[in-house]
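J.: Given next are the chains, with one letter for each unit.
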Amino acid sequence: MKLTVKSLSAAIIASTMMFPAVSAADEWPTETIELIVSYGAGGSTDTTARKIADILSSQTGESIVVQNFPGAGGTLGTTKAAGAPNDGNTLFLGQISSHGIAPAIYTSLQYDPVDSFEPIGRVYSVPNVLVVPASSPADTYEELLELAKSEKLTFASSGVGSSVHLSGELFKANTGLDIVHVPYKGSGEAIPALLGAQVDMMFDNAPSAIKHIQSGAVKALAVTTAERSPQLPDVPTIQEVGGASMSDFEVQAWFGMFAPKGISDEKVAEINKALNAVFETDDFRDFAVSRAATIDGGSPEDLRAHVANELAKWNDVVNTAGIPKK
Amino acid sequence: MLANLQGAVDVFFQLQNFLAIAAGVLIGLFIGAIPGLSAVMGVALVLPFTFHMDPVTSILLLVGIYKGGVLGGSISAILIRTPGTPAAACTTLDGYPMTQNGQATRALMGALYASCTADLVSNICLILFAGVLASIALKFGPPEFLWLIAFSLTIVIAISSGSQVKGMISALIGVIFSLVGLDLVYGTERLTFGNLNLMSGISFIPMLVGLFALPEILEFYHKRAQEHSARALDRSKFTLEDYRKCAPSIFRGSFIGVIVGAIPGAGATAAAFLSYGLAKRFSPNGDKFGKGEVEGVCASEAGNNGVAGATMIPLLALGVPGDVVTAVILGAFTIHNLAPGPLLFQTNADIVYAIFLGVMFSSIVLLIAGRFVMKSFAVITRVPGELLMPIVFLFCLFGSYAVANNLFDVGVMLFFGVIGFAFKKTQIPIAPFILAFILAPKFEDNLRRSLLIADDWTYFFRSPICWVFIVLFVASLVWSARHEIKDAKIDRQGPQS
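Same order as they appear, the protein sequences are chains A and B. Sequential numbering from 1 applies to the first sequence in full-length UniProt numbering. Sequential numbering from 1 applies to the second sequence in full-length UniProt numbering.
Check the hints yourself; a few may be wrong.
[Unchecked claim] Covered by chain A, per the in silico footprint, the following chain B stretches (three or more residues, Cβ under 8 Å): (1) 46-60; (2) 134-143; (3) 194-203; (4) 393-407.
[What the hints assert, rightly or not] Below 20 Å or equal to it, Euclidean Cα-Cα: the simulated EDC-like pairs (lysine to aspartate or glutamate) are: (5) LYS152(A) with ASP456(B); (6) LYS375(B) with ASP242(B); (7) LYS185(A) with ASP183(B); (8) LYS172(A) with ASP248(A); (9) LYS326(A) with GLU189(B); (10) LYS219(A) with GLU146(A); (11) LYS185(A) with GLU189(B); (12) LYS489(B) with ASP287(B); (13) LYS185(A) with GLU444(B); (14) LYS219(A) with GLU240(A); (15) LYS245(B) with ASP287(B); (16) LYS149(A) with ASP455(B); (17) LYS325(A) with ASP183(B); (18) LYS211(A) with ASP350(B); (19) LYS152(A) with ASP455(B); (20) LYS211(A) with ASP139(A); (21) LYS172(A) with GLU151(A); (22) LYS261(A) with ASP302(A); (23) LYS291(B) with ASP487(B); (24) LYS172(A) with GLU146(A); (25) LYS325(A) with GLU189(B); (26) LYS486(B) with ASP287(B); (27) LYS139(B) with GLU189(A); (28) LYS211(A) with ASP234(A); (29) LYS326(A) with ASP183(B).
Please keep in mind that the hints were generated in silico from the structure rather than gathered at the bench. All values reported here derive from a predicted model rather than from experimental measurement. Quick reminder that beta carbons are idealized off the backbone N, C-alpha and C, glycines included.
Just chain A, same shape as in the assembly:
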């Protein structure tokens, strides 16, 4: 009995000593958090990261610093994030490019989208919109298809390998139409080309397209998501108007939060919980609405499954479109 009491006392002391140690190791956040963005300041990934950082920082009371590491189509920053410390104080805002398209295109990536990262949670998704200039003779999706059969059409993109480009390639592959891809350096050059009718069509990201649709500068013929966008309720989905060949056509630019591989499950759960709390705020909801985005949220497993689907899908598109691997 004496032994038992002694053992029990030791166990209690040991557990009380261990408890703070365990809790300190799993507590999050413990210091300034670095949120890595693999594009320059001002773009959609950057503004999304800064919005999340701003709300998360006010909720957790810890500073969150957005760090931009632009270059090489976003792969430099992603590589940097993959090699960052896995203590939960460095996070990465990944997106369709880093964890979907880039692995399908680049053979020399210095990160593995699955093995180098631990998924935390999905953020939001935005549709692409098939738009034509206001002066285009096509007013509907069907009319555009007819036009494409009778004359040479061109579509603009914000660069080879962007979701805007690959939406066009997927469209070409599904319709069998030969539409010429005209690449620009970023959407800042591509959109003026569309507004000025230098090109015939574009699969623009909804956040940048929506203001031009509302002003009448461009006509929206279809959205690339399975459901209609709440911000563009009158615009049909491609699945609705595209017939059998488009029955599974779905493209959405998406964002997700990742941590470098090796972070503890407890911290992943903690950060996921904090991230989902951000999505509950009116501030973030308004921000998402202004970008025509649908908040995804959910568990780390949801993001893991989503990444697996995206990797397979874009690999197929790149192979079908014959885009050379680099």
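Since chain A is already given, all that's left is putting chain B on it; use the hints.
T.: Chain B only, in chain A's frame:
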């Protein structure tokens, strides 16, 4: 309209807005003056602090930084031959020789008055002609761009006068380095040697810092053993007579800046060189350009500051950023759930007009702040080289790294420092290199886009804009050829007389 103006007055006339503009311009001046820290970096650094401000206050703070940054870039360009921002690269050509000639203050004040004039012209054009200029900018398709760039490339001839062959060699090397990176159409790698860091091409700011600043540092240590004397106190002045003499170049440069700025993707650096090149051609002092001519400084600064207000035209009128800085400012609009573009004029006209009032006010702040701040920078000319050079070198290292938080860019800076030193020793001019580096990819991209879109060759001559630039292109070549022949004749006759 009147109701909108009344609303804008109410929104704008707040103490916080005046403070934001003043703080922005001062921050911009300091950031711009540090080599490698560009206006875009300043705007990006301050962006998070604007989240909790009123939309107008936050936009005006960022616009102030942008304008201050562009002007600030000229300070280090003039004083230490290091363009603080890429757009100031052209200012070094005459600004630094002026400093060496003991005219640093005159150069700084010339840059200030030219910049403020151009800024004012640019702002007035933004307010009065945003819609018209934006619609003209949209008419610039691939062939129109192609001829504009072809015309701009003829400036290489003007800025290499005196050593045409060396100028062409410099431009050719610039073209070769511009090829590094991913090909636009197929996305295949060119001259990257499998290096991930080179996939986006050579980073422009570290390259500029290396080309201009490092050779000066190397030269200093190379020559120190032989000679070094403290510079005389700089009491030079930029007079009203100077302004009158430079006025044609300043106003020409302002309008070039406005036109180039209104076209998305054209760029302030190209505008500065275009303005400089044309000033050199049309000025009676053209022969003195490159040796410390204040008109060269004014032309360059008018060109790059003329862009500052005009890049807001595509942003506000179309919702499309005209350059990288306005892309960040667009981000600020987004954060505040505002969408720039025609709809903003309808839904938030008071905000748009308040921003207009703010940008006009920023011109005044730019003049006042520049008048006091820039002159005090001239004290640098009195700092002994032994102290100044290591500090400049540290700035070069820090600025190059800070562009993308990438150590590779420091290597790029050092590499181009050696190239710049070699250029200096062999008297190969740097300006054609930079102009070719900027314009050659734009030429290639637009040529390839034209070829993708065109049904036949008539596409290249499809619009009056094409023809305007074709005429300018041909006239420029003819003018240069005649000038060269005339110079050659004088050279031949010279020894006989």
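J.: Does each hint hold? Answer for all of them.
T.: Against the structure, the hints:
1. Closer than 8 Å: that is the beta-carbon criterion, and the region 46-60 of chain B has 3 residues meeting it against chain A, so the requirement of 3 holds.
2. Restraint check on the region 134-143 of chain B versus chain A: 6 residues with Cβ-Cβ distances below 8 Å, three needed, restraint holds.
3. Look at the region 194-203 of chain B against chain A: 6 of its residues bring a Cβ nearer than 8 Å to a Cβ of that chain, three or more, so the hint holds.
4. Beta-carbon proximity to chain A at under 8 Å applies to 3 residues in the region 393-407 of chain B; the threshold of 3 is reached and the given coverage holds.
5. Using a Cα cut-off of 20 Å, the hinted pair LYS152(A) and ASP456(B) holds, with the two alpha carbons roughly 12 Å apart.
6. About 17 Å separates the Cα atoms of LYS375(B) and ASP242(B), which keeps this hinted pair within 20 Å; it holds.
7. Taken as a hint, the LYS185(A) and ASP183(B) pair is honoured in the structure, with Cα atoms around 11 Å apart against an allowance of 20 Å.
8. Pair hint LYS172(A) plus ASP248(A) holds up; C-alpha atoms about 14 Å apart against a cutoff of 20 Å.
9. Proposed proximity of LYS326(A) and GLU189(B) is supported: the alpha carbons are some 7 Å apart, at most 20 Å.
10. Taken as a hint, the LYS219(A) and GLU146(A) pair is honoured in the structure, with Cα atoms around 16 Å apart against an allowance of 20 Å.
11. Of the pairs offered as hints, the one joining LYS185(A) and GLU189(B) holds, with about 15 Å between alpha carbons and a cut-off of 20 Å not exceeded.
12. Simply put, LYS489(B) and ASP287(B) have alpha-carbon atoms about 16 Å apart, close enough for the 20 Å limit, and the pair holds.
13. Restraint check for LYS185(A) and GLU444(B): the C-alpha separation of about 12 Å stays at or below 20 Å, so the hint holds.
14. About 17 Å separates the Cα atoms of LYS219(A) and GLU240(A), which keeps this hinted pair within 20 Å; it holds.
15. Taken as a hint, the LYS245(B) and ASP287(B) pair is honoured in the structure, with Cα atoms around 15 Å apart against an allowance of 20 Å.
16. For the hint linking LYS149(A) to ASP455(B), the alpha-carbon distance of about 16 Å falls within 20 Å, and the restraint holds.
17. With a C-alpha separation of about 13 Å, the suggested pairing of LYS325(A) with ASP183(B) holds against the 20 Å cut-off.
18. Using a Cα cut-off of 20 Å, the hinted pair LYS211(A) and ASP350(B) holds, with the two alpha carbons roughly 18 Å apart.
19. Straight-line distance between C-alpha atoms of LYS152(A) and ASP455(B) comes to about 9 Å, which keeps the hinted pair within the 20 Å bound.
20. Distance restraint check for LYS211(A) and ASP139(A): the Cα-Cα separation of roughly 18 Å lies within the 20 Å cut-off, and the hinted pair is therefore satisfied.
21. With a CA separation close to 15 Å, the supplied pair LYS172(A) and GLU151(A) stays within the 20 Å bound.
22. Of the supplied pair hints, the one linking LYS261(A) and ASP302(A) holds, its CA atoms being roughly 17 Å apart against a limit of 20 Å.
23. Our distance criterion of 20 Å between C-alpha atoms is met by LYS291(B) and ASP487(B), whose separation comes to about 18 Å.
24. With a C-alpha separation of about 14 Å, the suggested pair LYS172(A) and GLU146(A) falls inside the 20 Å cut-off, and the hint holds.
25. Of the pairs offered as hints, the one joining LYS325(A) and GLU189(B) holds, with about 10 Å between alpha carbons and a cut-off of 20 Å not exceeded.
26. Note on LYS486(B) and ASP287(B): the hinted pairing holds, with a Cα-Cα distance of about 14 Å set against a maximum of 20 Å.
27. At most 20 Å may separate the alpha-carbon atoms for a hinted pair to count; LYS139(B) and GLU189(A) meet this at roughly 13 Å.
28. A distance of roughly 15 Å separates the Cα atoms of LYS211(A) and ASP234(A); the hinted pair therefore holds under the 20 Å criterion.
29. A distance of roughly 11 Å separates the Cα atoms of LYS326(A) and ASP183(B); the hinted pair therefore holds under the 20 Å criterion.
Hint compliance for this structure: every hint is met.
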